[in-house]
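Kindly generate the complete structure, drawing on both the sequences and the hints.
6 protein chains.
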Amino acid sequence: MRIDGRKKNQLRPLKITRNFIKHAEGSVLIEMGETKVICTATIEERVPPFLRDKKKGWVTAEYAMIPRSSHERIPRESARGKVGGRTHEIQRLIGRSLRSVVDTTTLGERTIWIDCDVIQADGGTRTASITGSFIALMDAVQFLRKEKKINAMPVRDYLAAISVGKVGGELLLDLNYAEDSTAEVDMNVIMTGSGKFVEVQGTAEQQAFAKKELDDLLRLATSGIKKLVASQKKLVGELA
Amino acid sequence: MRIDGRKKNQLRPLKITRNFIKHAEGSVLIEMGETKVICTATIEERVPPFLRDKKKGWVTAEYAMIPRSSHERIPRESARGKVGGRTHEIQRLIGRSLRSVVDTTTLGERTIWIDCDVIQADGGTRTASITGSFIALMDAVQFLRKEKKINAMPVRDYLAAISVGKVGGELLLDLNYAEDSTAEVDMNVIMTGSGKFVEVQGTAEQQAFAKKELDDLLRLATSGIKKLVASQKKLVGELA
Amino acid sequence: MRIDGRKKNQLRPLKITRNFIKHAEGSVLIEMGETKVICTATIEERVPPFLRDKKKGWVTAEYAMIPRSSHERIPRESARGKVGGRTHEIQRLIGRSLRSVVDTTTLGERTIWIDCDVIQADGGTRTASITGSFIALMDAVQFLRKEKKINAMPVRDYLAAISVGKVGGELLLDLNYAEDSTAEVDMNVIMTGSGKFVEVQGTAEQQAFAKKELDDLLRLATSGIKKLVASQKKLVGELA
Amino acid sequence: MRIDGRKKNQLRPLKITRNFIKHAEGSVLIEMGETKVICTATIEERVPPFLRDKKKGWVTAEYAMIPRSSHERIPRESARGKVGGRTHEIQRLIGRSLRSVVDTTTLGERTIWIDCDVIQADGGTRTASITGSFIALMDAVQFLRKEKKINAMPVRDYLAAISVGKVGGELLLDLNYAEDSTAEVDMNVIMTGSGKFVEVQGTAEQQAFAKKELDDLLRLATSGIKKLVASQKKLVGELA
Amino acid sequence: MRIDGRKKNQLRPLKITRNFIKHAEGSVLIEMGETKVICTATIEERVPPFLRDKKKGWVTAEYAMIPRSSHERIPRESARGKVGGRTHEIQRLIGRSLRSVVDTTTLGERTIWIDCDVIQADGGTRTASITGSFIALMDAVQFLRKEKKINAMPVRDYLAAISVGKVGGELLLDLNYAEDSTAEVDMNVIMTGSGKFVEVQGTAEQQAFAKKELDDLLRLATSGIKKLVASQKKLVGELA
Amino acid sequence: MRIDGRKKNQLRPLKITRNFIKHAEGSVLIEMGETKVICTATIEERVPPFLRDKKKGWVTAEYAMIPRSSHERIPRESARGKVGGRTHEIQRLIGRSLRSVVDTTTLGERTIWIDCDVIQADGGTRTASITGSFIALMDAVQFLRKEKKINAMPVRDYLAAISVGKVGGELLLDLNYAEDSTAEVDMNVIMTGSGKFVEVQGTAEQQAFAKKELDDLLRLATSGIKKLVASQKKLVGELA
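Residue numbers (this note's numbering), protein chains in the order written: chain A, 1 to 240; chain B, 1 to 240; chain C, 1 to 240; chain D, 1 to 240; chain E, 1 to 240; chain F, 1 to 240.
Honestly, the hints are just simulated from the structure, not real lab data.
Quick caveat: nothing in here was measured; it's all calculated off a predicted structure.
Ideal placement from N, C-alpha and C gives every residue a C-beta, glycine not left out.
A couple of the hints might just be wrong.
Claimed, not checked - Below 30 angstroms or equal to it, Euclidean Cα-Cα: the simulated DSS-like pairs (lysine-lysine) are: (1) F:K56 / E:K82; (2) A:K212 / D:K212; (3) D:K22 / F:K22; (4) A:K211 / D:K233; (5) C:K22 / E:K54; (6) D:K22 / A:K82; (7) A:K233 / D:K212; (8) E:K15 / C:K15; (9) D:K54 / D:K146; (10) E:K82 / C:K82; (11) A:K226 / A:K196; (12) B:K234 / B:K149; (13) E:K212 / F:K82; (14) F:K22 / D:K7; (15) E:K7 / F:K196; (16) E:K22 / C:K227; (17) D:K54 / A:K196; (18) E:K212 / F:K196; (19) B:K233 / C:K212; (20) F:K22 / D:K227; (21) F:K234 / D:K82; (22) E:K211 / E:K196; (23) B:K15 / B:K211; (24) E:K22 / C:K15; (25) A:K82 / F:K211; (26) E:K196 / F:K211; (27) D:K82 / A:K196; (28) D:K15 / F:K22; (29) B:K233 / C:K227.
As the list claims (entries may be wrong) - Just a sample of chain B residues kept apart from chain C, beta carbon distances all over 12 angstroms, derived: (30) R92; (31) K146; (32) S181.
Structure follows, in structure tokens:
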């Protein structure tokens, strides 16, 4: 039994509220237990300089936590005048993994900005951001299709993410903050709806890990992501 | 009849959800119509350098908008590397007006950080931030009292704020974005529960205004603030 | 009797030296008692991006204090790498109020930069900056007319500003630093030559204020501004 | 046959020059084919604030490329005024993985700064940085032991890193720049001398990958790292 | 005959106004022809970290130009968020040369901040800053002596500076902007009252220069500095 | 006899390794004794904004030290977020002096970026940077000629630099760090192959210096630079 009563291979309750912010082309509030992230998708009718005149679109992401989303207040990065390393790492991961399921040629010469703003943090904010952003991205894409700006469907597969880890010698799915902060091994896994890996990041926090453990953790993550993708399918239907 | 069906002297629906963020000592989601702001209060057991050893506390505020809270996406100030002028102006206003109803001597040598994060903007974000922050501040203060860290009540009066303006020749209470962006005169008023002014900021956006108009606008604001304070009283009770 | 021997409703001696900096299209040194500000107006033959191709001009302002203009040395904002909140607030105020008396359509697609550099500070630097900048702006506009770059007069009215406040229970006009730093209520008022308000900013520094006090302070400010406008008229003549 | 004549599972020539910079407590030039990185280790007799009085040491890393280490000149991050996301990600990875083989309690209350400066880049700069930094770290630790500042050996295991990837459908060990920039899948693997994983980061650059491919890539990486660790052992001897 | 009617070896009119800013311990307005610089000296009762507990004082300088001091408006370094190379170079030069005539041991553990703010620029702003700052420094030192904070005189010699250059083939003393901007060779010379060099910076702007020219330029500079020192002596008297 | 066994007028051993970085159009490792600097030249096919459409090229330089090039680790300027004064001063000097021997009209509308990265510092890094950059610049220019991008030779003369100083009362050529840090007078001299001065910067570090000493130091520097230019000639041949 885990601290919050879950079984080792059990996800926290997932809740996705669509159209959470009225101005955005796509916007969801995703809740994984006590972790809550607002994900919005904004369409901008231009691409960054390095893509100009290449007949391709772009998907990029930014991530932030509101100061008191966490146990201790986190000073604003705007006040400190720079974006920190952890933020950089997370927003690069979100953008890269979303692009992996988007055909940027079909998207046209436009950018979809994904903004993930954590309003309450209890572990797994980066994976919740990815799972939630996928829905916001889909809604923005459907907006483009309704507006007849694109014809084909640029999103090629579902995309969801989850954390797994070794905590007190046990392999656990979907770590909350208390588990994450004492984990011996921590792994974030991002997969497509067709069950392939988009990103695997395993880190020995306290002790190096063997191939067998890696395999077990990936199996655990795969089982969790299947459930998340099933939920995504219910919300957005088939990709066509 | 206004664009959203209100009368000239009618507030938008007010909704205050307390304990919105589980980690903060005080936290509310305030909604004034479509304007939604998360206000949290964080207690820090030290004061800024200029107050050291003066046996006084401090109340300070920070304000931000999540990028897609607005019609157009607003680039993050963290990415731009600096806090903009409008943000500076608003957070100074929030902090200054909250301090005006706090006896910082009673508060002890600690700081209360107020964070106002706008998640959806439809006009009046700074005034909603102040009205909501008052509740978050009260909850943080009650937390300190329960913890026996302070004995007396440092908050001396209620505090609420509203915008008024002249739009198309009409004087209106509680402007939404559509009204605010076409106003000839724009005024933000902050008052105590006892009906005195803490801050009056009137700006001629398109035409200078006469004393008579100023008086009428202040009367309109006063009527609105009375209703806001009545709501605050219901939520937090008497100040004792 | 006030600390410097003035009556309650008496302005400090005003001295405006035109053409103070030889390079600028408009430049004045304004002295209000011991407060001394250099105000220059620079013409730039382009407008900021958001105004491009709108057949309108722009007026914008920047404000700074030289480090030892004040009792204590103020570290340079360039060395700290960012513009502070107070500076932002003041320069936004100066720019906004000057624009309120300028017909930017008549100005043509150009920008007038107003720079206010405080060389000695003794209270009221922002209001002195506005009163002085008006003259620098007028001189720059007359330069444009002499150069036949514009035909009509884009400046529609005079503009001057003054501070008033409640100090030790007394309502005083044109606060110096000693008065300002102990004021219970502080108010900055900006008015046109025709006696209308452009900006009213009243702040309860130590105690909230009643409507009656607000009215009395505005009356005091109005009397002071009338004298400042009379001086401006002598210097720049009729607006035609 | 690969572009540089190597077999699929063949490392590039490895060359490690110790004592490359005379001032540093540890310093190596590591060359993996045409990739060349200077790694230095600096001992500082204090720890960062979050470790104060915890009787532990710290190991941290910074990474940079000299501007023309690459095909195109890369503007200096000092001139741009901020550290970019890629740099942040890499230096966090280097520091985290080195710490995983260090017993920071044995190290004493001091920091070892690792600096990795890429002077020529041809793919695999982050993995070469880790493999090289391990030697610099060992030399700094031996310096501390010679100086009698520490008694026990704080380094618990060897540490080396390599990249693997899927390029044109083939799984390759130790990608050079030409291979890396066209890879479908890119993976960085960091392992200890005892054959356990410290970090596994696999990224689908163009197509998601199956578990089978992940396994094959990890096997390839493991074979390469074994050779790197063998070279490290020759240089620094047994860890005792 | 030069553009402003001077002879080749003739200084521009020098005017030094003391006690120009009422708050500063030392403050002068120095005018060399149309070049006008406010120099203030501020006493701070502490030293920078690298001098702590060394029983020595420090003298340091900062330099800036107000935006419209020049022909074209110069954007503020505070708005750009960083101090430029030219500013850095000049303020380092001013601080270094002033320190060369100060016995920092006699000064006690305090810092004298020199601020040079150019309000009108017509060439030679750095040399005028040095000549003027010497007076401000002396006044601050005399203030310390009056306050009985120091007993001995820490200033060991007078210090003045001038520019010389080769313009159109002619060697000229004290270049104004028009001369400076077309000079083939530009040299800044800083000397003590006893006729020794503190700093010599000669730069070939358009053509390299021979030893003979260097000698002639130094002779010219020496003659000018003698006159400046004579003026300084009249103002501050003997150094004792 | 000097600390490293040299005579007073003796240079440290000079070693220049060309083509040190494979990507750059010109690149050398210059070693002056224990001082080692990588100098690269990069060709960019555009000019900075202020030179646009003027049919001229540009040469500019940047300088940095890797953190542990020095006795004490120097924090990275990228981490501090700004380029320091010393760095600014040095890179302006390098760029200015290289431009003095280049006919920018012949260069065409392109920029040559010079990057000087100090990997080991033992005094004289700025002068070694200039002497080495001249070779990198020449190699980039010869690259342009081979590519038929330019016809004539834009480099008009050789360029080398050396430091001289007064240390313990003795005049010494080519100071190493130990000498430099105790020098009474420090001078950097940059000369052309034809024996003319491009830059002379003499600084009284501890005592002002007389004309006689200046002359002796310049004679010493001239003798050293002649030898450096002779080495440059051997490497790059005649300038034609």
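Status of the hints after comparison with the structure:
no.	hint	in the structure
1	F:K56 / E:K82	holds (29 angstroms)
2	A:K212 / D:K212	holds (14 angstroms)
3	D:K22 / F:K22	holds (25 angstroms)
4	A:K211 / D:K233	holds (23 angstroms)
5	C:K22 / E:K54	violated (47 angstroms)
6	D:K22 / A:K82	violated (34 angstroms)
7	A:K233 / D:K212	holds (26 angstroms)
8	E:K15 / C:K15	holds (23 angstroms)
9	D:K54 / D:K146	holds (25 angstroms)
10	E:K82 / C:K82	holds (8 angstroms)
11	A:K226 / A:K196	holds (11 angstroms)
12	B:K234 / B:K149	holds (25 angstroms)
13	E:K212 / F:K82	violated (41 angstroms)
14	F:K22 / D:K7	holds (24 angstroms)
15	E:K7 / F:K196	holds (28 angstroms)
16	E:K22 / C:K227	holds (27 angstroms)
17	D:K54 / A:K196	violated (44 angstroms)
18	E:K212 / F:K196	holds (10 angstroms)
19	B:K233 / C:K212	holds (26 angstroms)
20	F:K22 / D:K227	holds (27 angstroms)
21	F:K234 / D:K82	violated (42 angstroms)
22	E:K211 / E:K196	holds (19 angstroms)
23	B:K15 / B:K211	violated (34 angstroms)
24	E:K22 / C:K15	holds (17 angstroms)
25	A:K82 / F:K211	violated (50 angstroms)
26	E:K196 / F:K211	holds (7 angstroms)
27	D:K82 / A:K196	violated (36 angstroms)
28	D:K15 / F:K22	holds (17 angstroms)
29	B:K233 / C:K227	violated (46 angstroms)
30	R92	violated (5 angstroms)
31	K146	holds (28 angstroms)
32	S181	holds (14 angstroms)
When held up to the earlier numbered hints, the structure conflicts with 5, 6, 13, 17, 21, 23, 25, 27, 29 and 30 and fits the remainder.
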